[in-house]
Each structure stands twice: as structure tokens, then as C-alpha cells.
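Taking the hints into account, I'd like the entire structure generated from these sequences.
In case you want the letters, here they are:
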Amino acid sequence: MTGEANRSGCRPSTSERVYGMLLFSYSPHFRREARGEMMEVFRDQHRYARAQDGISGVMRLWLRTGLDLLTSAVPERLAALRSAFRTSPPRHQPTRTGKGVMMETLLQDVRYAVRTMVRYPGFTAVVTLTLALGIGANTAIFTLINQVLLRPLPIADPDEVVALYTSDFSSGIYGSSSYPDYVDFREQSDAFADLAAFRQPAQLDLASVGIAEQINGALVTGNYFSVLGVTATLGRVFTPSDDVTPGAHPVAVLSYGLWQRRFGGERSIVGQTVNLNGVPYAVVGVAPEAFTGTSLGSTPDIWLPLKMVGQTNPAFQQFPVFEMRGGRWLGVVGRLAPGATIEQAQTEVTAIMQRLAAEYPQTNLGTLSQPDEPRPMTVLPASEAAVGGGLMARTVGRARLLMAIVGLVLLIACANVANLLLARAQRRRQEVAIRIAIGAARGRLIRQMLTESAILSLLGGSVGLALAYWIGQLLVPLGLPSAISRFVTVSELTMDGRIFGFTLAVSLLTGLFFGAIPALHASRPSLVPTLHNTDEGIAATGRRYGVRDVLVVLQVASSLILLIGAGLFVRSLQAAYGTELGFNADNVILTTLNVGRQGMSQEQGEQFYRQLLERTSTLPGVQATSLAAFYPVQSGGRRRGAAVEGYQPDDGEDMELNYNVVGPGFFRTLQMPLLTGRRFAERDDASAPRVVIVNETFVERYWPGENPLGKRINLPGPGAPEQWYEVIGVVPDGKYRSVREGPIPYMYLALPQAYQQAVTLAVRTAGDPTVILPSIRSEVRSLSATMPLVGVRTLSQHLGRALAQERTTATMIGTLGLLALLVAAVGIYGVMSYTVSQRTQEIGIRAALGAGTGDVLRLVVGHGMRLAVVGVVIGVGGGFALSRLVESFLFGVSATDPPTFVGVAALLAVVALLASYIPAHRATKVDPMLALRYE
Amino acid sequence: MVLSHAVVTSHELTRMPPVASVIALVLSEAERHGFEIMQAVQGRARGSAILGPGTLYRTLQEMRRMGIVERGDRRPVAELDGEDRQYYRLTPLGRRVAAGEVAVGSHHSDTPNGAPTP
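From first to last, the protein sequence lines are chains A and B.
For the first sequence, our numbering begins at 1 and goes up steadily by one.
For the second sequence, our numbering begins at 1001 and goes up steadily by one.
The set of hints was computed from the structure by calculation and includes no laboratory data.
Among chain B residues calculated to face chain A with C-beta under 7 Å, some are: (1) 1034; (2) 1035; (3) 1052; (4) 1053; (5) 1054; (6) 1055; (7) 1057; (8) 1084; (9) 1085; (10) 1086.
Just some of the chain A residues that point at chain B, by a computed CB distance under 10 Å: (11) 23; (12) 26; (13) 30; (14) 34; (15) 42; (16) 43; (17) 45; (18) 66; (19) 68; (20) 69; (21) 76.
Ideal Cβ positions, reconstructed from N, Cα and C, are used throughout, including at glycine.
Structure (C-alpha cells):
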């Protein structure tokens, strides 16, 4: 298939892949004969439809194809079954077997159903589309979940592979391990066939054939590939002999992607050298295409031996990292020994750690919360570790939330379709009554109606399967399920048998659900009135509330739950926007400038920065201007190992501290007040003593109750183990990496003392900051004609990006909720219109007896409002029950936020009022004489 | 690959789906592959018939079983040539069917199956 596609120069489209899967509806015999040709024909049709009418042509093609599948695959399967039955008994058997009769009946039902569907194409289209949206949304989310949570890692026997974590001192149990610990685990355990260690990611500058490029590398022990059971596509993978002496093994395994992208898939690459961070490495092999490492979303471009870590990152050369038991920097994966379980492995590594803690209490005993216990060890299945230690729960949580949302959407779609079917059943009740009168069994009628709904839902499911791909494409770039989207790119979303099965199951269940209610209901009309063609057949059953009322209640309740969800996310967003950021984000414009890429030396760069600041600060309307490595809020930010004077960290305590590098005007531009000391000044340049400004939390944590001014912090750099910075000022806490974070210790270094090749310029203006942009652009151009302005945005927009996830979630749930609200409103309107038409006589009589307009309005609106109120009560209850699902995604708002609940309930009540007012108003126009004469 | 021409009975011919006669008709004009057959049929039926790949190949299979059509040996120009593309043509029996000498689907057809347009 792939080969063929490559030959003809294009990949099969999604439609083709989906169609290929749908062909499984035919019998194997037929598939063998005709599959290839049918695929060809479909491909032709698809191309033709696309060329003729674009996407709408493709949609129509899918509708036609769905019908074609139904009308040909079902009879084909039945015929195949029949011929299978026929082979055993003699051909001229006079009586038919029970199975034969059933088959015949089923075939009749299918034919009947298809005829009905073709007779009412509008109805069929509306139902199909409604179901397709509901089922498609479910399939799309399931596809994402399948991709992230259910699909096995691309390694041999992934179930046997596990990941090991050593608890971090201060930040959780999913920490890295040290090399000596790794060696001990490997030597002392029996539960593992073998253990491998890796360090990832490593930023590498690849210089070879043409321009330099930053790529993502992984450093791995020599047995890494054999532990995972991965063999080379070309050349060889590493062996233990490739990873013995630090710095002595300049060899590399390329990823398939890098090999194709940078080296054109040349087989002669093996044996050539590539230059990484200035060190030449000999390429020994290429990893298989499917192997993307053991972490989802972080695919290494190249693998290097672990012992080369010092060559990729000079910081590792300062310390004997392979002997430091307290230096924890490695991920560990292992393959369980034959017969060993993950529990045994867990018990064993815990026991080993206990011994190590006794032997090396300095490094292996105690964490911040449990100072007297050995470092806890955690063993996770590799599939869970791939998502990220501890992230699994969050991902599963979000997946559950998403499934709940799309489940509700499907529920609403079902209720809507059931309502439509019921409405149609009213029209068909005479036909049903005749069939019952001439002796049709009720069971048979129900079966026939269920067949019809099953076929409708299968049709909806087929279209939904096709839609799922597009819905998925909409969801992923929205960054919607952030815990998931990190791992999935659109091109990676693929269909497989599991998704097909899921869609099939959902479709059939859906069909059963929305089909059962009308089928049961419509198969027992009161015969006599119906045959007399009066409305009493239904209306006179004596019940005040019918099935359609129940469905409306269901719709109201479901849309209420969705709207509450949307409301909560909106409130969460408001809360995030209203957070005390520690600075003023209004009227500031940002743009990023990279002098390094322009080939400027440090001296030229510094000159450029100085001139840029001088020129921009004198532009009209500019209040302040500054340069910084980045501006808050920036996810990730920067961290650096630090030693704080006078503070003795606990062993293994996380002393990597967050910092930013900022120019002199930074605090003024962001309007950050100064609590004590002074701000950076022009005199704090590279030749002056190193200075640092810290925040309040920094002082409270490391120098509680002391005067921080004049205290020192050591920030070692490459080749410089001691670089002391003196504290000159303290600023209030702010938000640095995320608006959701709590207060953290933070440092600011002076830009002239920590040169940056790329900086972001911030300009504060009196009014709208975008007005100044052309002037900034021309000033930059006058300094460097080729310098591009990258990422121009206002500081508010910049903050908005940090909140993009909240916003998109709120948008999506909100959109679905509004859609659901619309559907519910149409439902209420439909039911009320129907009720009014059913009760025309009653209303007419009431009017004749003197009931005023107000009484009639009250009568009808009262009915609608009662339904709405019941729906709202159920919905609010459901909202409370489901609040647990959203709790962890909300910020600054409770999952049972009363204003949201009350507001949304009120909104729904108003909509219900309007939806029932229109038919009620019509009811007041009933002419009593006309209504009575009708009798 | 072509099955024996002798297996078809007139009873079976009457059980052919109506679309078979249209397919026979368009094949009497020229040897065609699947998509061409579909387009020709659609053109004739003025869009009133839904002839998808499933219905088409079920019918073609049945027609081959009866010896009305067979696979041809024509190949399209190279750039259009898919590995699985097959051409179909009428057998001698098929020509007679298409010419109206043998009725197809005649149990409810009150118009004669049109003579082939040359």
C-alpha cells in the first residue's frame, strides 16, 4: 500500500483510508475479488468530487458512499451468509430453517428501511448529520486518547518495559537517577533482564552539509537499544562497547526523520561524520522510522553514547558526573526479566535503595517531607512513563472530561433524533395502525423500526468517522487538550481498527438508544381513533406528559451541564486575567531581536542594544523602554544552579533557581515597584561587580528576617565554578512562568553582565502601543537593515498566549454548550408547537368559555416552563455530580461556583420561556368557532 | 478468470438487478473501467440512481458469474494506471443481452432494453 502510494507519488487521503476500512463491511470473499478495484474507483470519485466541488463535493460523495455501503454491503453479507447456509442442506429443501426466515425478515426490514430513507431524503440528511456530529466528536476524542493512552510504544514487547524514578528531594517522586545508583540497580536486581539509562533532551548544534541547525539529541547507555529491542534500519545501533570511557566514543545513531530530512535518505551516511556542538561524530547507523524514543512528544533526532555527555554540554565536564551519587540526571528504563512482574520490580528496587541509603546516607537518605526515609523509588510501565511521570493522571483526567463533554453532545444529538423520529412516527401512525390491524406482530414492528434506526446510526457513524478527522484537526491546533496536544501532531493522528470498532459500537448503541423510544412508543397507537384519522390516537392517551417531554427535559439538562462547564472555564479565565501579576501589562509592545543570527559579535551586539535603547526611548509618546531575555509570563523561563550565601541546602534540594536577564529600564517599563535597595543602572556593566535583584519570596526563603542587601549568590558558569553576584535590590513577587503558579524565589541579572544573543524589546507608551510600531521598525532598520522583528505583540497579547489553553477550552465547551442550547430551544419549541396543535380544540373550547389571552398563554408557557424547570433541576444536579471532573482544570474558581450555576440556569429558563412563548402566542390566535367546527 | 458462459439460465437473467441492463448498455459502447462505467451509468440515469462502488462491483460480479461481462485486457495510459484498475467488456452472450435478444430484468420492465448506440 505504501509502496504503491509512493510509486504514484501521493499518499492515500484520509477519505481513502476511511473507505478502505469501511470495506470490511463486505464479506472476505467479495473483498478479495473487488477491494482493489473499489479503492481505485473511490479514489477516482474522490479526486473528481474534490476537483469539481471541493469540500462540499467530498461531503456529498460521503453521503452517497454511505448509502451505497448500506444498500450493497448488507445484502452482500446476507447473500454470503445464505449461500453458506445453503451449502449444507440439499438445495430443494421445502421448509426453511428458523435462521433462514430470520435472515429473510432482516433483509426485508433493511430494504424497507432503505426505501423509507430514500423517500425522505431531507429527514435522512438531518438525522445523519446530527448523528455524524455527535459520533464524529466522540470518535475524534477517542482517536486522541487512542493515540496517547492506548497505542503501544514502538518497541519490542512494550508491556515488559518499565521506567524507574528516584524521588526528587523537593519536587515529587518522578525524579531522575544518578549514574552510580543506576549501576547498582542494574547489578543488584533480578527482576530486570537489563536496565538502560538516558539523558534527554540535549540541545545540539548540528553543523554539516550547509546551514547549522539546532537539533534534539538523547544520550543513552550502550545497551539502550538492546533493552528496548530496537534494531537499526541501516548500519547498527549502539553496543555496550560504544559507551565505556567518558569522551572516547564519538559515534552517533541518526533518527529516521533526521536521516531523511538532512541527509536525503542517503545510504552512504553510515561512516560519515556529523559535527555536533563542535565535536565530530561518526554515524554508525539509522534507527527505524517507527522508533521515536520513549517519551511521547519528544522525539530525538540523534542518539549519542551517554559517556559523551561532557562533549555535548560543558557543564558536565566540571563534575565527575559518573561518580556523583548525589547528581541525579538520568532517566532509567528496564526490561522485566521473564516471568517478573512490575510489583516484584518495585519491591526489589525499594530494597536496593534501602541498602544504598544505609551505605550512602549523605545522598540517598531523606527527602524534604521524609528526612529519615530512603529516597522512594517508583516503577511505572513504560507506556505511562512515556506520557510523563505523574502526568498520566492529569492526562486521564482531561481525557475523561473531554469524553464527558462529547458524550453529552451525543446524548443531546440522540434526544434530538429521537424527537424527530417521534414526530415522524406521528405522521406514520396510520400506516402502523393499518399494519397492526391486518395482523402485524408488535415485535416485528419494533424490530423493523429498530433496524431503521440502526441503519440511520450506521450511516451517521460512517459520516462521523470521516468528520472525526476534521474535528480532530480542529481540536489539536486549538491546543485544546493541552496534556494531550503536547504529544500529538495532526499528521500523527491515524485511524486503526480500534477506532473503527469504537465508532461502530457507539453508532449501534446510539441507534438502539434513540430508536428504542420511538419504536416502543409508536408501535402501540390506539387503533380506532388513528384509523379514523383523528389526533386523539395520541392525544387521548390521558397522560399529560409524553415521551417527547421527557426528551426535552433530557436536552435541557444536558445543555445546562455543558453551559455550566463553559461558564466555569470562562470564570476561570476571568480569574486568571484578574490575577495580581506584579506588573502593569497595559500599553506595552514587545518584539524579539536576535543579533546572534545577524552574525554580530558580542561587542557589536552590545553596541546595537545601547543604540536601540537610546533611539526608541526618545520616540514621541514613549514612556519607558527596556531589553530583557524574555518577558513574563513565559512558560519554562530559565533556571540555573545556584548557591546562596549563608544558606545550607538540604542534600539534593532543588537549588536550580528561576531567573531572567534584564536591562536597566526593565522594572520601570513594567512598572514594578522596588521594595528596597536600587534598580539596575548604566554603571552595572560587564566590568563592574556582578549584581542581582531578587524577589520577596527569595528573601523569605533563604534569608528570613535578615537584610538581603549586600548578600551574595554564586551562579557558576561554564569553566567558572565561582561567580558571585551581590544583591542590590528587592522587588515584589510576580507571576513568571504561569499565571497559575504560586510565589517562587526569583532572580534578575543585569543584561550587560550576562550577554544575550537574542533579547526582547519592550516599549511602554502613553496610549495604544501599536501606534509606535512603525517608528520602532524604522529605528531597528536604520541600525541593522537585515534585522527582522520577530514576534511583535503587546504585553497583554503575550499574556493572552499564556492563557490560550484556558481560552480555547472555554471556547470549545462554550460553543458546544451554545449549540446544545440551540438544540434544546428547538426541542422545546417543537414540543410546544406540537402540544398547541394537539390541544387546538381544548384551547378553542376554553376560549369559547371565556378564557382570556393571558389564560391561554399561561396554559402553554406553563407547560414549557415546567419542562424547563425539571430539566434545570436535573442539570444542576448533574453539574454538581460532574464538578469533580473539571476541578483540577479550574483556576481561582470553585467547580460549584454559585454565580455560574445560577446564571446559566437563569439563561436556560429565559430561552425556554421564549421557545414556548411563540407557540403560546399562536395558541391565543385560535378561533374558537373554527376549532369547534373541526370536530 | 472468466467463468463459463453456460451457467446462466434465463430465470437467473430475469433476477438481475435493473441496473445490470444499464451497465450492459454502457459496456456495449466501449470497454470501460469501474469509474467510467459509473459515470456513464450516472449520465444515463440523470443522477436518479445511486450507483456506488459497492453496488457496481456486486452487479459486475454477478454479471461475470452469468457470463455477460468479462475482464478486458486494455490498459490505460501510464500516469492514470492504478495497479488495481480493470477494464470490463461484454461477452458474446452479453452483446446479445444488450441488443435485447435476451431480456434482462424484464419481469418489471415494460420498455424494451434499448438497442446499443454504435
